[in-house]
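Chains as they are written, first to last, in the numbering used here: chain A, 4 to 244; chain B, 2 to 228; chain C, 4 to 315.
Do not rely on the hints blindly, as some may be mistaken.
Estimated spans, in silico, between C-beta atoms of each pair [claimed, not checked]: (1) V18(C) / M99(B): 51 to 57 Å; (2) I133(A) / K105(B): 31 to 37 Å; (3) A231(C) / S217(A): 55 to 61 Å; (4) L138(C) / M99(B): 51 to 57 Å; (5) K105(B) / S57(A): 33 to 39 Å; (6) R199(B) / A118(C): 54 to 60 Å; (7) S26(A) / P21(B): 56 to 62 Å; (8) I24(C) / R13(B): 57 to 63 Å; (9) A224(C) / M99(B): 22 to 28 Å; (10) L121(C) / G15(B): 32 to 38 Å.
In case anyone wonders, no lab produced these hints; they're calculated from the structure. Built from N, CA and C at the ideal position, the CB exists for glycine as well.
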Amino acid sequence: MLRLDQVSAKRGNVVALEDISLSLSPGNTLAVVGESGAGKSTLIATILGLLRPSKGTITWNGAEVSTCRPSLVMQEPRSAFNPAHPLLRSVLEPIVGQRATVPTERIERLCTGLELPQQLLNRRPSEVSIGQAQRVGILRALIATPPLVLFDEPLSALDAVTQKHTARLIADLQREEGFAALIVTHDLGYAVAHADEIAVLKSGRIEEVATPESFAVAPKSDYCKTLRDAAIALGALEAVG
Amino acid sequence: MTLHVSGLSAARSGRTILHPTSLEIELGARIGLVGASGSGKSTLGHALVDELRTQGRSVAHVPQSPDEALDPLRSMAFHWQEAEKALGLHTGTADQPMLFEALKIAGGDLKKRPWGWSRGMQQRFVIAMALIGSPDLIVLDEPTSALDPVVAAATMDLLDRHLQDRDTAMMLITHDLGLAARRVSTLMVMQDGEIVERASTQDILERPQTSAAQSLSAHRNWMALPC
Amino acid sequence: MIGTVAGLILRAIVVLSGTAIITFALLWNAPGDPAQAIAMARFDALLTEDVIDQVREEVGLNTSFWSAFVDWIAPLLVLDFGYSSVTGRPVGPDLWVAITYTFPLAVMALAIGLAISLPLAIIATKNPGGMLDRLAVATASMGTAIPAFWLGLLLILLFAVQLNWLPAMGARTPVHSILPAMTLGFGIAASLTRIIRSGILEARDQPFLPAIRRRGVPVRAIGRDHIAPHAAVPVVTVVGLELAFLLEGLVVVEVIFGRPGLGTFLTSAIVARDFPHVQAVVVLVALVFVTVNLIIDLIYKRIDPRIGEHDA
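In isolation and in its complexed conformation, chain A is listed as follows:
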């Protein structure tokens, strides 16, 4: 399991994360919710080992996180691919040099799960819709069967309908594959609907960690209540009764 133990991190001289402790078990989803500047991107960079924490430890089953080869799904699906290459070539990047042959079966399986026609992978990024591109991004992230997948605002470039569709596909695949998912998002609605646990990040600190149910019904802190009310005011969540 992924464990962050009192992690702090700096961006230049600015403390971007302070005293973060979190854990995430295989098969589970942890949503990290926060506004821009709250430290979400720093958190991802720190878990991926791109940024060394100034304090604390990050481990996967007690070892360095890099040992489990986590993968990342980025926010802007099109810019995540080389525009000159067919998508298939980008998809195979994580396993270049590891396998002699293209894992046809795995691609087939993931394509079915992500509702992507396989021929689509022969196109270039500009020739598919943004929703399809993001599903290809997820396909690439999963091709090497990583036990931990990080999602950095995976839905924010998509429209409302495509968002919900994609979120459901991610959840279904996770049930089959059993990876641990850490989802960073500003959309509380997404977090409430799909996470097992929600951590709210504010100014680099954890404001509250709670289950979606308790979060939605009775947020403990004022800030979390503001977040929930905003999600309702914007129609992401619907208040009933």
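Chain A is already provided as a structure; the job is to place chains B and C on it using the hints.
The following block gives chains B and C in isolation, referenced to the frame of chain A:
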């Protein structure tokens, strides 16, 4: 008074992206224009604003992000004066304190350039500019997508409150039926460059007729919360 | 703001010191014996070793590199350029005379360049890809390809020899600077036209312009208040670089038109191995470059304070 437009259309590199469309907008109406991305909503918004402007109506357009509305090399004061001048007003005659108060940006330093303000403040400034001289119609194109939810919700609330007792009609363009449903009374659903359904918000939510409306309605929010 | 200005000035000082050391090292290690050349230039005859050694000592060529460098740089720091090693006269006044011929010519050339290129670029961008635009681009490309010495001779042939409107050689009256200024100005206009044109076209693609147009701002005002400042950033850069082109062109043009300016001053000093004259010009050129760059950076800061700032 009603705003009329007819025969709005648009094509890009030989492909029709907006089929001939006619609209009628009542005074003080709250209209939502919803549809999937690429359905032609923004194009219709642009065509509508441009057409009404040639009719001599006063209309305002608020683009998706402040980057598309403000020149980074020019101060906020410059933008404000420019907008006043464009409406034929003398500098300083628009009720800036009232608008700034209404949108809660009264503390902003107008000598600064846009990037000296937060994005939320910039967006509210753009909306305030759009409200100078109480236009007949204000078109908001995805006004919340560039903002954090808390700021976005507050901005929409402030705008609602400001428009409450005014004649200014509002058109909200969004891919998110959940957002539109909370803000407007009438909805128009777009698909492939055409308005395929027009009805009250209530009807679209409960009895969507077309597949586009059904899909939007089914996916309008993540969850219903018992509150 | 004060911090950035201080940083820019510090950078200017570093550039100037570097220029000084490199210039000195180049001349110090130049092939041939400068003492012999000086002696020959001064006495105009074949000379004995004794006389050459005497000259060597007199102009300080017999010491080590660094002590010679210090001896050399110290007076320069207070703008004392010393005495010509050929004529023995102080360099300062002669240099000043050369500047009074060259500076007005440079300003005139730059003015001609801007006066031609600015309207041309604006006309060209009225309809990008149209007849006028293509004509302007073609003219500009041709202008860049024509060397100054050829254009200069052509202008002499036309205006001085054929039409007899303007004087060809010398620098007695301001009228004498018209042909050389035109020669330089056309070259500048050619490259500036292309830069201003692409600057305007790029500025027109700014994402906020449609919104400003929809606000009802007139086209002319948009051009003046929004497109011009964005187009100015690359143009200011190039105007600074044009200065390099200008200095290079000045040498050629002054020789062609027989003007006693800096170019002539420099070429005759090089031929005569007049060490103090050469270094005075080099120091002056470096000073001008650094000052111009400083001014350009300050203009940038004025147009867009974000330029050069390192934020994440």
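Results for each hint:
1. V18(C) / M99(B): 51 to 57 Å: The hinted range 51 to 57 Å holds for V18(C) and M99(B), with Cβ atoms some 54 Å apart.
2. I133(A) / K105(B): 31 to 37 Å: Taking Cβ atoms as reference, I133(A) and K105(B) lie about 34 Å apart, which means the hint holds.
3. A231(C) / S217(A): 55 to 61 Å: At 57 Å between Cβs, range holds.
4. L138(C) / M99(B): 51 to 57 Å: Since L138(C) and M99(B) have Cβ atoms about 53 Å apart, the given range 51 to 57 Å holds.
5. K105(B) / S57(A): 33 to 39 Å: Holds, at about 37 Å.
6. R199(B) / A118(C): 54 to 60 Å: Holds, at about 58 Å.
7. S26(A) / P21(B): 56 to 62 Å: 58 Å, holds
8. I24(C) / R13(B): 57 to 63 Å: Given a distance of about 59 Å, which is inside 57 to 63 Å, the answer is holds.
9. A224(C) / M99(B): 22 to 28 Å: With Cβ atoms ~26 Å apart, the hint holds.
10. L121(C) / G15(B): 32 to 38 Å: Check passed, 37 Å falls within 32 to 38 Å.
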